[in-house]
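Protein sequence lines, in the order shown, are assigned to chains A and B. Under the numbering used here, the first residue of the first sequence is numbered 255, with each subsequent residue one higher. Under the numbering used here, the first residue of the second sequence is numbered 6, with each subsequent residue one higher.
Keep in mind the hints are simulated off the structure, nothing from the lab. We put the beta carbon where it would ideally sit given N, CA and C, even for glycine. Hints are supplied without guarantee of correctness; some may be wrong.
Part of the chain A face toward chain B, derived, beta carbon under 10 Å [said to hold, decoys possible]: (1) 265; (2) 317; (3) 323; (4) 390; (5) 396; (6) 400; (7) 409; (8) 417.
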Amino acid sequence: MRDAELVAGILDGSVDFAVLWDEYWSRVYDCIRRMVGDAELAKDLANCVLERANEQLARFDAKKGSLWTWLHLKAKTVVIAHFRRHRLRTVSLEVLDDSREPTCEGPEQVYERAAVWRAVDGLPEPERSVLALHYHDGYSWDEVARLLGTSARTVRRLAMRGLVMLRGRL
Amino acid sequence: MADERSDTTELDFTDAELDMFGDFTEAVQRCEHPDMEKYLARCPGSAAKMRPILEMALLMDSAVTQYRRKYPHVDLRKLRELVQKQPGKEK
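Just chain A, with the same shape it has in the complex (with noise of 0.2 Å):
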């Protein structure tokens, strides 16, 4: 069943949403779980976007992108509204963590060790910005584009020729 008809059938109750639920939740699940790493946490989150796009249906609009894309989008921001939410006390539980294994080594040194990132840092201005907000920040090209203030291929020409330096210095 395409997007637009799915998502019509819901709306007018011909369709269960249980439909997109099973055809989906798998799929949300598994990209949050790449984002958080934990399986429990990546369910929790994976529910709240899915009923979150039950009370929002209504708002999607298949001319603007796929319901893959929407839900993808949906799960973003679920999972930095998490994050925010509980920065503080997941970070200190990490570092506690880290303190009982024998390199002691906590999420700045981990950084630090991890060569390809202290290379993206030493990069030049804007490819350094842009494989930043697309790679640590978790943008698409069109939402760099916007907060740069740029088109979309420039950023995206930006970031081939970042990733062309980033060769050369690993």
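Fit chain B to the supplied structure of chain A, relying on the hints for placement.
Relative to the frame of chain A, chain B by itself:
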């Protein structure tokens, strides 16, 4: 640094290459595990030029994913700012 910049500014890309790169990296970001060869086949004359760029994009995504798995609740942007503000790292 100046030499590096002049080298890369000479490296330009066609619209088809830019679109292919954007579609591939956004599919990676959406966790769709895209087949790189299928994307490279969209610009067959550019495969040798584009392959290392797509591989580097996958490496970047992998580095971020591995870090998020180890520290799922750390805000990467804040952490990056924090590391940059450490003594001796001011730019």
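*Interface hint for residue 409/A, Cβ within 10 Å of any Cβ on chain B*: Status holds, d = 9 Å.
*asked:* Quick check on residue 323/A please, does its C-beta sit within 10 Å of some C-beta on chain B?
replied: Since the shortest Cβ distance to chain B is 7 Å, the answer is holds.
*Is the hint on residue 400/A kept, meaning its closest Cβ partner in chain B is under 10 Å away?*
Nearest chain B Cβ about 14 Å off; hint violated.
_Residue hint residue 317/A, partner chain B, criterion CB-CB below 10 Å_ = violated, 18 Å
_Interface hint for residue 265/A, Cβ within 10 Å of any Cβ on chain B_ = Because about 24 Å separates residue 265/A from the closest Cβ in chain B, which is outside the 10 Å limit, the hint is violated.
_Agreement of hint residue 396/A with chain B interface, Cβ distance less than 10 Å_ = With a closest approach of 9 Å, the residue 396/A hint holds.
*Given residue 417/A as an interface hint, is the shortest Cβ-Cβ distance to chain B below 10 Å?*
Nearest chain B Cβ about 4 Å off; hint holds.
_So, as I understand it, the hint says residue 390/A touches chain B; can you test that by seeing if any CB pair is closer than 10 Å?_
holds, 4 Å
When each numbered hint is compared with the structure, violations occur for hints 1, 2 and 6.
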